[in-house]
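All chains should be built: construct the whole structure from the sequences, respecting the hints.
Chain by chain, the residues run as shown.
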Amino acid sequence: MGRNSRMSNEVNAGSMADIAFLLLIFFLVTTTIDVDKGVLVKLPPWSEEEPETLELKKRNVFSVLVNADNQLLVRGDLTNVKDLREKAKEFIRNPNKLDNMAENPNKAIISLKNDRGTEYSTYLEVYNELKAAYRELREVESQRKFGKMYEFLPRDKKKEINAIIPLVLSEAEPTNFGEEK
Amino acid sequence: MAKFARKRGKDSPAISTASLPDIIFMLLFFFMVVTVMRDSTLQVANNVPNATELTKLEKKSLVNYLYIGKPVEKYQAVYGTSPRLQLGDKIADISDIPLFLEEHRSGVPEKQRPGITSSLKVDGEVTMGIVTDVKTQLRKSNQLKVNYSAKPRVD
Chain E
-10 MGRNSRMSNE VNAGSMADIA FLLLIFFLVT TTIDVDKGVL VKLPPWSEEE PETLELKKRN
50 VFSVLVNADN QLLVRGDLTN VKDLREKAKE FIRNPNKLDN MAENPNKAII SLKNDRGTEY
110 STYLEVYNEL KAAYRELREV ESQRKFGKMY EFLPRDKKKE INAIIPLVLS EAEPTNFGEE
170 K
Chain F
11 MAKFARKRGK DSPAISTASL PDIIFMLLFF FMVVTVMRDS TLQVANNVPN ATELTKLEKK
71 SLVNYLYIGK PVEKYQAVYG TSPRLQLGDK IADISDIPLF LEEHRSGVPE KQRPGITSSL
131 KVDGEVTMGI VTDVKTQLRK SNQLKVNYSA KPRVD
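Respectively, the protein sequence lines represent chains E and F. Per our numbering, the very first residue in the first sequence carries number -10; after that it's consecutive. Per our numbering, the very first residue in the second sequence carries number 11; after that it's consecutive.
Worth double-checking, as some hints may not be accurate.
Claimed, not checked - Covered by chain E, per the in silico footprint, the following chain F stretches (three or more residues, Cβ under 8 Å):
id	region
1	97 to 104
2	131 to 137
Claimed, not checked - Not everything, but these chain F residues come out facing chain E in the computed CB check (under 7 Å):
id	residue
3	M42
4	N57
5	T62
6	K66
Honestly, the hints are just simulated from the structure, not real lab data. Remember, predicted model here, so these are calculated numbers, not experimental data. By construction, the Cβ of each residue, glycine as well, lies at the ideal position given by its N, Cα and C atoms.
Written out as structure tokens, the structure reads:
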């Protein structure tokens, strides 16, 4: 008897590992380590009043129209999505100082208009290409100015670059010609 | 010296497993912390398009999810085949968005509220009509940080 009571003072911890394993496996199974990634955008605030019409010089506006058949009209020309990035970059930078392209990168405005029947994947691809054009231009500017990759610049220097090449993308109310699916 | 050698030869020491539970617990805690339980079952088709200019959404507690797509086969009898919006785990109307956002917002500490992002998980085949309506509603609700969810593409 005396021997028994002395033994019961010790709790058997041998199964502790099994219990922990069980919990571990449960959490292993329920864990999803998929990170959500996407194209981050900032929508313009809503206002009830009609927006005031700004008079812009035509040369500073890069208009992109997408119709319900997912075709692109860039500044009046039918364009393939693949060529959009290069076109946008050329327009913003205007290396040859042409008088039908942006006066200055900070005056360039991208105007994007689509139809209600445009496929979402096309829209996102266009948006992605325009964003990529800006990213590449900023990268070049960053290399030229600081000799560093844009990604690794401190915040204030990033802001400086962003001020030189600001992303101004205006989205118009979509047209309503195509069939919605 | 001889004394030590004799002792070692007599009883081979058993490996102590006493610290095994601790190691397992450590792993357990790691997984407990990183686990996010799947909070909604999808009732709409959701195959997001590919893109390259991706931003990672860091704080999951600051993100609310809006799914848009065609209802899956099981629900087509009820909801039809045209694209619908899913909030949480049920199919909803555009007009339900403000309440949905407010419900999420109330669970976020006030300081962090400006960082709330809406993740739009839109099926690639959906047309822009419904997406535009959702965007307009988000703007009206003053939820301006939006993330178009996409898969990475290598090019």
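Broken hints, by number: 1, 4
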